[in-house]
Structure formats: structure tokens, C-alpha cells
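Sequence lines, in order, name chains G and B.
Numbering (full-length UniProt numbering) for the first sequence: 1 to 315.
Numbering (full-length UniProt numbering) for the second sequence: 1 to 315.
It should be emphasised that the hints constitute simulated quantities derived from the structure, not laboratory data.
Given the structure is predicted, the values throughout are model-derived calculations rather than measurements.
Worth double-checking, as some hints may not be accurate.
Given that identical chains are not distinguished, each listed pair holds provided it fits within a single copy or across any two copies.
[Claimed, not checked] Below, computed lysine-lysine pairings styled on DSS-like, alpha-carbon distance capped at 25 Å:
hint: 1; residue 1: Lys120; residue 2: Lys198
hint: 2; residue 1: Lys230; residue 2: Lys147
hint: 3; residue 1: Lys130; residue 2: Lys120
hint: 4; residue 1: Lys218; residue 2: Lys97
hint: 5; residue 1: Lys182; residue 2: Lys147
hint: 6; residue 1: Lys97; residue 2: Lys198
hint: 7; residue 1: Lys173; residue 2: Lys247
hint: 8; residue 1: Lys178; residue 2: Lys218
hint: 9; residue 1: Lys170; residue 2: Lys97
hint: 10; residue 1: Lys21; residue 2: Lys255
hint: 11; residue 1: Lys21; residue 2: Lys178
hint: 12; residue 1: Lys178; residue 2: Lys147
hint: 13; residue 1: Lys130; residue 2: Lys97
hint: 14; residue 1: Lys147; residue 2: Lys173
hint: 15; residue 1: Lys22; residue 2: Lys240
hint: 16; residue 1: Lys240; residue 2: Lys254
hint: 17; residue 1: Lys173; residue 2: Lys230
hint: 18; residue 1: Lys198; residue 2: Lys147
hint: 19; residue 1: Lys170; residue 2: Lys147
Below are the chains, spelled out letter by letter.
2 protein chains.
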Amino acid sequence: MSSLKVPASVPDPYEDAEQLKKAFKGWGTNEELIIQILAHRNARQRKLIRDSYAAAYGEDLLKDLDSELTSDFQRVVLLWTLSPAERDAYLVNEATKRLTASNWGIMEIACTRSSDDLFKARQAYHAPYKKSLEEDVAYHTVGDFRKLLVPLITAFRYEGDEVNMTLARKGSKYLHEKISDKAYHDEEIIRIISTRSKAQLSATFNHYHDHHGHEIIKDLEADDDDEYLKLLRAAIECLKPREHFEKVLRLAIKKLGTDEWDLTRVVATRAEVDMERIKEEYHRRNSVTLDRAIAGDTSGDYEKMLLALIGHGDA
Amino acid sequence: MSSLKVPASVPDPYEDAEQLKKAFKGWGTNEELIIQILAHRNARQRKLIRDSYAAAYGEDLLKDLDSELTSDFQRVVLLWTLSPAERDAYLVNEATKRLTASNWGIMEIACTRSSDDLFKARQAYHAPYKKSLEEDVAYHTVGDFRKLLVPLITAFRYEGDEVNMTLARKGSKYLHEKISDKAYHDEEIIRIISTRSKAQLSATFNHYHDHHGHEIIKDLEADDDDEYLKLLRAAIECLKPREHFEKVLRLAIKKLGTDEWDLTRVVATRAEVDMERIKEEYHRRNSVTLDRAIAGDTSGDYEKMLLALIGHGDA
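With the hints as constraints, model all of the structure from the sequences given.
Below is the structure:
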């Protein structure tokens, strides 16, 4: 469930584009107006605003936002204004660059998007980067990380509900053997996790839990300094995206000095997907609402933009 | 260039469906009529005929073809009648089954289809098989074959013409080092071949040829009993699909006892794509036309269907 609040009557996109153009002019930028418009338009509407802006002024709205805004506010507005597929392509590209490298970021997109959405990100990658997404992921990762991340990011998982219980039992038994032997890097583990449908994986992990008395996640907590193992665990945890994103938000806000990078990414990528559920989960787990936690940890236009996206206040 | 001959005036699909229904009735099947209709309709038209057949008779045309026809003729008609994406999905599925297992078949589809067509095959896989295509490929292949085939079949290559010459030089140098060391199974070789765009790969292999005096293919001919090496070579040769398919046809026809499996697959999958070019290449390479070679090696309705698909005679 989306947390986005769109006004009952949305202005014509040319009108929105004109207002944005005005917001950039004169005595400093009018950030309030930018938030008022962009934080309250859905993906289709934002696309129309960008098209109208280009048609009316011969300029790219994203470039103007980039040059008018700064810091965390700039990042959240830019990420948000992109279409979901462009945004995911952008985030993966960023995650493959040396200074912003993040196996975690690649894994998160691979494991929490629907099959179609993940494929759309791969399609959206070609035009701006003149390469394929998996080409950059494979080039910029090494060893076991590559072996795990490339199949995850290139998967087009079956999304039906059918579960093969024989296969679930076999998978669970196999995983347990390998984990007992600490053979975490076994290629069959990667095969199972990167190719099976999410329904099949859930059945497999439930069987694991029922038969071995622990969740598979717990059995993978052997060594908390092993970055590969952390990533593998997270790939499994992402089967429950709501809980995954709650955790990312919790850790981002709890940090000494908020992790704006994580906070921005989760809010910009989930606002239009399942932010209402993530908020419920956050409240349940932390006894404080996400609105209050964000308000306590951020400030200024950045805070206002985040709060608007998570549905605080009116459109 | 397609070899398909479609009549100037194509009957209404309901009329075609009715004729096909008639062809199945009475004193044995009328194979001539089946060829006359199906071998002269393009993918869109065949789809309409299937839809019309289902609407008019409440039956599946493919099932009726399956029960009315036999042997090689049955196989070529069935494969041909499928849409290209369904057909590729079917062929990959078949190639992952124990009795019809074929790493070669998986590689051919992975390496000769456009990025979009390969993805469409993955989409078309979900509904009939209730799994993902890569799930079956990964499950049914082992070791180095899996390491090569899974990235190939899940690739969504960039298809622009841009070439990065620095990268081509680096790639060529790297490939030469590994090949000199007989490290054919090196994961970087697989990464380069499975992720780079075809334009980039051509530039890389041209650089290899220019700098080392041999084509990379020649340097990979070390050991002709090594099935993995053969597959790797073929994956490279598939960059030039016309030459690859000419070779498959040549070997299929030259065999003591034609290889109908290969012959059928190439004709059914390429008739609507580039069969005219493959025919030119075949003629150039074998000093006999493909029509004559096929007529000399096959017979009956199977021969007639193949010849119709490669554009022999009139629509």
C-alpha cells in the first residue's frame, strides 16, 4: 500500500511544470512549492510533468532540480522524480561505481522487486549507460559476491503460488546439510535462492524451520563479520520486504548520525509500493511512528519531503 | 530475411481454421492442405488461426495437430505453429529434460536471439511450465556447463553499436592470456562472453585476431573431445548466426542418416528470421542449394513442409 497522497483534483501537468519553473526563479529556490507538487504526484503524473517541462522550456526537469537543489534534499527529490525503473537502474549503476559501491544495494533491488519490475530496470539501464545492467554488476563485483549477485539481478522468477513440496523438502534437506558443513558458498545454495519462485522458497524455508527447529536465517548467523554471509541472509530476509525495509529504516535512524543514504533510498523506492505496511511494521517494532522518528532525526526541506512521501499531512 | 511466402490475399483466419478442421476429418488427414495453410502464414496470422480455431471448435489447434500428425512432419508443423517465444520456451524446456537434454540447444537460443526475443522466451516459459526458464536450466545442468549456460540464457545484452576500444583491448589481452594458459574455464572468460554486447564482443575478437594472428575460435580448438570447449566455441560462433546455422544444417544433412532434429529446429526457428541469408551461405559453402540438399535427404510431407518454409515454390 502506497503512502502517497495525491490531491483529489490534480492540476494539468503543464501547470505543474510552470509552477516548478517558477520555483526555480527569483529570490532563491522555492522548496516548499517543489515538495507541494512533486511529493504529491504518482509515477505517471511525474512523467507527464517531466514531458510537459521539456516541451514547454526545452529543458530537462531533472537537470534543473539537480542544479537548483543541494544535499539530502536534492537526492530524495531526484530519486523520487525518476520513474521506478529508471530509479532502480540508477541505483544499481551507482552501486557498481567504486566510490558508491554497494553489494547490499544490488541485492536489495534484485530481491525485493517483482519479476517484471526487475526486468524493467534492466530495460531502463540500456539507454543511459550504454551497457547492460548485469554487465556492470558482473564487472564490478568479484568472487562469491559476483556468483551470488549476478544470478539474483538477472532472475526472472516465476510468480505463481504453486509449490512443489517434494522439491521444498529436498531443498530444505540440502540447505541444512550444507549449512551444517559451513559450506555457505556452495553453488547449489546460490542456485536455489536465485532461481526458485518466492512461494517455493517460503515453503522450503518453512520446511527447514519445522524440521530443524531453527529458522534458516538463524543458522546463517555463524559469523557476523563475513560480508558474504550477511548478504546471503539479507537475500533471504528480502522475501519479506516489509520486514527488510523496516530493519533498514530502523538501523538508518538508530545510527549515530542518521544514514541518510539508506533513509532516502527506502522512502523514495517504497513510498509508492508498500510504505503503509512498512510504517505499521516500524511502529509495531519500535513503539514510535516512523513519522516521529524521521522528524526527530532529520530537518528542513529534507525532513518535509520525507514526511510528505510517507503520507504525513495532507496533499 | 524471412524465407516465408505469404499469399497476396490471405483468407480470414476463421476460414483457415475451418479448412484445417476439414483437413483432420474423413479419410485420413489432408497433409497437403495443412502445409498449404500453415507454411504460408506469418506468426501473427498463425496466432489468429489458433484463436479462431479455439473460438469456433472449443479445441486447441496444437493438440489436434499433435494427434493427427506423426513423426518428423508432426514435429516441424508443431514447432512452426507455435509463436517464436513459445517455441523457444518449448525448445529450452525440452533441452533441460533428461531424454532430450541438450546444452547445445540452450546455448543456441541464448546466443542467437535478440535481447528482446530471449526475454520473451523467458516470459513465455512461466505459464506452461510453472517455473522460470533459468530455474530449469540451472537445475538440469552441472558444473562448468551451468556456469556458462545460466548467464548466457539470462542475459539481456545491450544492443547499441557503441564500442569501447580500451575495453576491447583489455578483453582481448585477457582472453589471450587465459587461453594460452589453457584456463578455458576461467570465470572472467564467461563473464566477458555472457555480458558484453555483441558489437563489443566483435571488436574484442577482431582485436584478438589482429594482435595474435589467429581467430580466437582457432585457439579454442585445442581439444575436440572437450564438450565444454566446443560449447564455448559455439557460443562465440553464434555471434554470426548465419554461419552458425549454415554449419548446423550442413552437419545435419551430411550425417549418415540426416539429423532431423537439428534440421527441423533450424528451419522452424529461422524461416521467419534470416533463412534467406542462411540459404545464400549454404549455397556458397556447399555448392548446392539448400532446397536441393533437403529434397535429396528427406521425403514425403516432411520434405514438403521444410521446402515450403524455406521458400521453395509459390505460396
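Structure-based check of all given hints:
1. Proximity of Lys120 and Lys198 under a CA criterion of 25 Å is satisfied in both settings, with 19 Å inside one chain copy and 21 Å between copies.
2. Taking the closest pair of Cα atoms, Lys230 and Lys147 come within 25 Å of each other both inside a single copy (15 Å) and across two copies (23 Å).
3. Taking the closest pair of Cα atoms, Lys130 and Lys120 come within 25 Å of each other both inside a single copy (15 Å) and across two copies (21 Å).
4. Neither within a single protomer nor between protomers do Lys218 and Lys97 lie at most 25 Å apart by alpha-carbon distance, with minima of 32 Å and 36 Å respectively.
5. Proximity of Lys182 and Lys147 under a CA criterion of 25 Å is satisfied in both settings, with 17 Å inside one chain copy and 22 Å between copies.
6. In this homomeric assembly, Lys97 and Lys198 come within 25 Å of each other (Cα to Cα) only across copies, at 23 Å, whereas the closest approach inside a single copy is 29 Å.
7. Neither within a single protomer nor between protomers do Lys173 and Lys247 lie at most 25 Å apart by alpha-carbon distance, with minima of 29 Å and 45 Å respectively.
8. Taking identical chains as interchangeable, the C-alpha atoms of Lys178 and Lys218 lie at most 25 Å apart only when both belong to the same chain, with a minimum of 14 Å there against 41 Å between chains.
9. In the homo-oligomer, the alpha carbons of Lys170 and Lys97 lie at most 25 Å apart only across protomers (19 Å), although the nearest pairing inside one protomer, at 39 Å, exceeds that limit.
10. In this assembly of identical chains, Lys21 and Lys255 lie within 25 Å of each other by CA distance neither inside one copy nor across copies; the values are 37 Å within and 71 Å between.
11. For the homomeric pair Lys21 and Lys178, neither the shortest alpha-carbon distance inside one copy (59 Å) nor that between copies (56 Å) is at most 25 Å.
12. Proximity of Lys178 and Lys147 under a CA criterion of 25 Å is satisfied in both settings, with 17 Å inside one chain copy and 20 Å between copies.
13. For a Cα distance limit of 25 Å, the shortest separation of Lys130 from Lys97 inside one copy, 15 Å, qualifies, whereas the shortest one across copies, 36 Å, does not.
14. Taking CA atoms no more than 25 Å apart as the test, Lys147 paired with Lys173 passes in both settings, with 22 Å inside one copy and 23 Å between copies.
15. Within a single copy, Lys22 and Lys240 get their C-alpha atoms no closer than 42 Å, and across copies no closer than 54 Å, so neither meets the 25 Å cut-off.
16. Taking the closest pair of Cα atoms, Lys240 and Lys254 come within 25 Å of each other only inside a single copy of the chain (21 Å); across copies the shortest separation is 56 Å, beyond that limit.
17. Within a single copy, Lys173 and Lys230 get their C-alpha atoms as close as 21 Å, which meets the 25 Å cut-off; across copies the closest is 35 Å, which misses it.
18. Both within a single protomer and between protomers do Lys198 and Lys147 lie at most 25 Å apart by alpha-carbon distance, with minima of 20 Å and 23 Å respectively.
19. Both within a single protomer and between protomers do Lys170 and Lys147 lie at most 25 Å apart by alpha-carbon distance, with minima of 22 Å and 22 Å respectively.
In the structure shown, a violation is registered for the earlier hints numbered 4, 7, 10, 11 and 15, in ascending order.
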